[in-house]
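Colleague: If you read the sequences in order, they're chains A and Z.
The numbering of the first sequence is our numbering, which starts it at 1 and goes up by one.
The numbering of the second sequence is our numbering, which starts it at 1 and goes up by one.
Quick caveat, the hints were computed from the structure, so don't treat them as lab data.
There could be a bad hint or two in this list.
Stated by the list, open to error - Listed below are the simulated DMTMM-like cross-link pairs for lysine to aspartate or glutamate, each with C-alpha atoms no more than 20 Å apart in a straight line: (1) Z:K48 <-> Z:E58; (2) Z:K89 <-> A:E531; (3) Z:K89 <-> A:D574; (4) A:K123 <-> A:E531; (5) Z:K48 <-> Z:E104; (6) Z:K89 <-> Z:D33.
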Amino acid sequence: MSEGAMGDQAMGDQAMGEEAFTTAAAPGGRAASAPLLGHEAEPTLFELSRPGRASWQLRTTGVPEWPAEELVPAEHRRTEPVALAEVSERDLVAHFTRLSHRQYSVDLGAYPLGSCTMKYNPKVCDTVAALPGLALTHPATPASLAQGWLALLVELEEALCEITGMAAATLQPAAGAAGELTGLLLMRAYHAARGEDRRRVIIPDSAHGTNPASVTLGGYEVTTVPSDERGCVDMAALREVLGPDVAGIMLTNPNTLGLFEEDIQAIAAAVHEVGGLLYYDGANLNAILGVVRPGDMGFDIVHMNLHKTFATPHGGGGPGAGPVAVAEHLVELLPGPRPVRLPDGGGRQSSRQGDEPRPLVDGDRRGPGEGHYSGDHRSLDEVDMRVDAGVGPSQALPAGTVPHPAGTRPAYGWVVPARSIGRVHSWHGNALVLARALTYIEVHGADGLRRVAERAVLNANWLRVRLRPTFDVPFDRPCMHEVVLAAATLRRRDGVRALDVAKRLLEEGFHAPTVYFPLIVDEALMIEPTETESPQTLEALAQAFERIVADASAPGGAERAAAAPRTTPVRRVDEARAARTLVPTFDARP
Amino acid sequence: METPDDRRYSSDHEWALADGSRVRVGITDYAQDALGDVVFVDLPAVGKAVQAGDVLGEVESTKSVSEVYAPVAGTVVAVNGGVADAPEKLNRDPYGDGWLCELEVADTSVLGGLLDAAAYRALTES
Chain A
1 MSEGAMGDQA MGDQAMGEEA FTTAAAPGGR AASAPLLGHE AEPTLFELSR PGRASWQLRT
61 TGVPEWPAEE LVPAEHRRTE PVALAEVSER DLVAHFTRLS HRQYSVDLGA YPLGSCTMKY
121 NPKVCDTVAA LPGLALTHPA TPASLAQGWL ALLVELEEAL CEITGMAAAT LQPAAGAAGE
181 LTGLLLMRAY HAARGEDRRR VIIPDSAHGT NPASVTLGGY EVTTVPSDER GCVDMAALRE
241 VLGPDVAGIM LTNPNTLGLF EEDIQAIAAA VHEVGGLLYY DGANLNAILG VVRPGDMGFD
301 IVHMNLHKTF ATPHGGGGPG AGPVAVAEHL VELLPGPRPV RLPDGGGRQS SRQGDEPRPL
361 VDGDRRGPGE GHYSGDHRSL DEVDMRVDAG VGPSQALPAG TVPHPAGTRP AYGWVVPARS
421 IGRVHSWHGN ALVLARALTY IEVHGADGLR RVAERAVLNA NWLRVRLRPT FDVPFDRPCM
481 HEVVLAAATL RRRDGVRALD VAKRLLEEGF HAPTVYFPLI VDEALMIEPT ETESPQTLEA
541 LAQAFERIVA DASAPGGAER AAAAPRTTPV RRVDEARAAR TLVPTFDARP
Chain Z
1 METPDDRRYS SDHEWALADG SRVRVGITDY AQDALGDVVF VDLPAVGKAV QAGDVLGEVE
61 STKSVSEVYA PVAGTVVAVN GGVADAPEKL NRDPYGDGWL CELEVADTSV LGGLLDAAAY
121 RALTES
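Same shape as in the complex, but just chain Z:
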């Protein structure tokens, strides 16, 4: 199970990777493995404003439907249409091609409140 050190994690199994004031969001390798084969990804509308913990979208696998929560507050400025067209990308490359959306975040220091890779690894291995 991979957990790259370059980003932050929520206890709900989302990752957040900052590039300037833009934060890219996806779900973790652990999450995609637990979900199994993803068959449908519901992405938020561009322009939608979310608080941390708000529902960003849904990921449906052959096992279940799970909600994806915003790890930080922000406004949706981009979504990954590629993963909506080919949901298997989420299983194949959750940290790369399988990203879900990008948030414009006023204060990226809030990412410091999320888990780092070591803490997330500890969470999923417990």
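Isolated chain A, as found in the complex:
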């Protein structure tokens, strides 16, 4: 659920008794800079609009004016002006500042929204992404003049491959679901190249909802495999549905119950035995960062949510990034063009030359030859790539025609893999998000990334044990980075549902947990504290849950819970009505 998605239409009858202060009462219309009190809805910019008002106007430009008639053909010209909001800069800033004060965000407090990894995003990552050399480079800049950017992309790809135990990666996909679709298209291309027509992809019943959607978009049929009584993939049931028409299986490990799939190696062997591929949904990568690697578990395709695991902004503050890493046998299919270190590049072989290479995974967990940046562990010849040194991804200039600084030869360029499935994003993906992710990896290092996972797991388990007397714990054994509790007993006993608990938590000043997911748990409350919350914050969160449950059994408790949230700018939204009668546009015309 997303509290941020609350609409305003349910507010009309809930505006409290502050008529004396309402902006609607201002002479001549709504006053944009008057304070908002209680539950009054913030007016839209269109409601604040007054004809002729503007933020600022150029006095003279020195640029001669051209009549629109001479520039735009008649059939493309508007017959009346576009209805834009006309507001002063003062009112505009007040509008957005008021909205920002009413928001809840990771910068404000704990955000235990399960499966979303709403960890704090370190400001140093924003600082790096704002460096003019990164932020102001146009994506069409020739590779020879954007060598720093290419180095960043190559190093991020290598770091992600080292962390996941894969051979190569594409950084293009926009976020998790885009990564999933990319992975499914790679799976399809892999089987097609082998002349095989496979139709089914297996998904556990605890899977993220995006998994079946991606399978369908990728042109496959979904086969669901049930979970066993321990909350993991039922091996016997899996063997029953495996066959020569299975293209692969999509798994997240730990799964959505926050539990580690302990049979993962047996699952991998069984799926590979029928010629299928293993897809790793990286939504829960935060739990295993620097500890175990999907590649070592047997996965062939891995997507990562940089906006979750690597702390780039998300949840309204995005965009995200969903790189997809693959095993050796899929490298030639990756989307292109890909940034690469050129084999005969005149520059540095590694921008980290002189640094002691720092492994991102503990030494004893690495395979031979892995765990450093400087090694060219992927031979370009092996994957038959077309190398176009100095040519930007959207350009078709022949190599050598693009100028580069005198006395240097570019160390990085773009390549299109031999049997590439093509582009999955314009330009280089969400590049400034990629810069933030590499910064996060660099400032943590191997030991820091491992501590991220360990503390995320410790925090979730602390809450599991702390909240045992308060909620049901359907799978009460050590969990990973998140814990699934349930309000089933609470609902039976006091008539208070998981949704009510979530809304009550807003009154306590925290963001709500994920509710009603995974679907196989009745009245589920899915809590992911992340590693960035302190023990003091976790205790405060636990006490808030305790107060909510205690109040539920007090006289009038069910009614109070059903009325929550009562203290937030927007109160309980009628989600069903909003979905049944969807009004996606706003019309300010009288």
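Assemble chain Z onto chain A, guided by the hints.
Modeller: Using the frame of chain A, we list chain Z on its own:
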């Protein structure tokens, strides 16, 4: 939770009520309660032939999207347009106004293979 005795039930929480060779199909009170507020109902096309267990349609609530399975084999001969227009009927009256579709069934004795009300009650209370 209501479970009327006049009809049969599937373990996937559909009900089936025979009237001659026509079998009316819907989802149970237990199912609508578990789904929560229904916001969208996707009904099959009239004329569609289904085997028992085939997907008949989808019910979307504020919590999730669930498939509705055919409790018996047959051909779709009528659908409830009213529930598509006003999905809240499914929550309000799952056994009446909230019915989903009617199947023409060659052999209604197959309904005997479904659960009776007592067996379904036992299933949902376990």
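Colleague: Hint by hint, note whether the structure agrees.
Modeller: Okay, the hints, checked on the actual structure:
1. As the CA atoms of K48 of chain Z and E58 of chain Z are separated by approximately 15 Å, the hinted pair is consistent with the 20 Å bound.
2. Between K89 of chain Z and E531 of chain A the CA atoms are separated by roughly 45 Å; this puts the pair beyond 20 Å, and the hint is violated.
3. For a cut-off of 20 Å, the pair hint linking K89 of chain Z to D574 of chain A stands: about 17 Å separates their Cα positions.
4. Note on K123 of chain A and E531 of chain A: the hinted pairing holds, with a Cα-Cα distance of about 16 Å set against a maximum of 20 Å.
5. A C-alpha spacing of about 10 Å is found between K48 of chain Z and E104 of chain Z, which places the hinted pair at or below 20 Å, so the restraint holds.
6. The suggested pairing of K89 of chain Z with D33 of chain Z holds, with an alpha-carbon distance near 13 Å, which does not exceed 20 Å.
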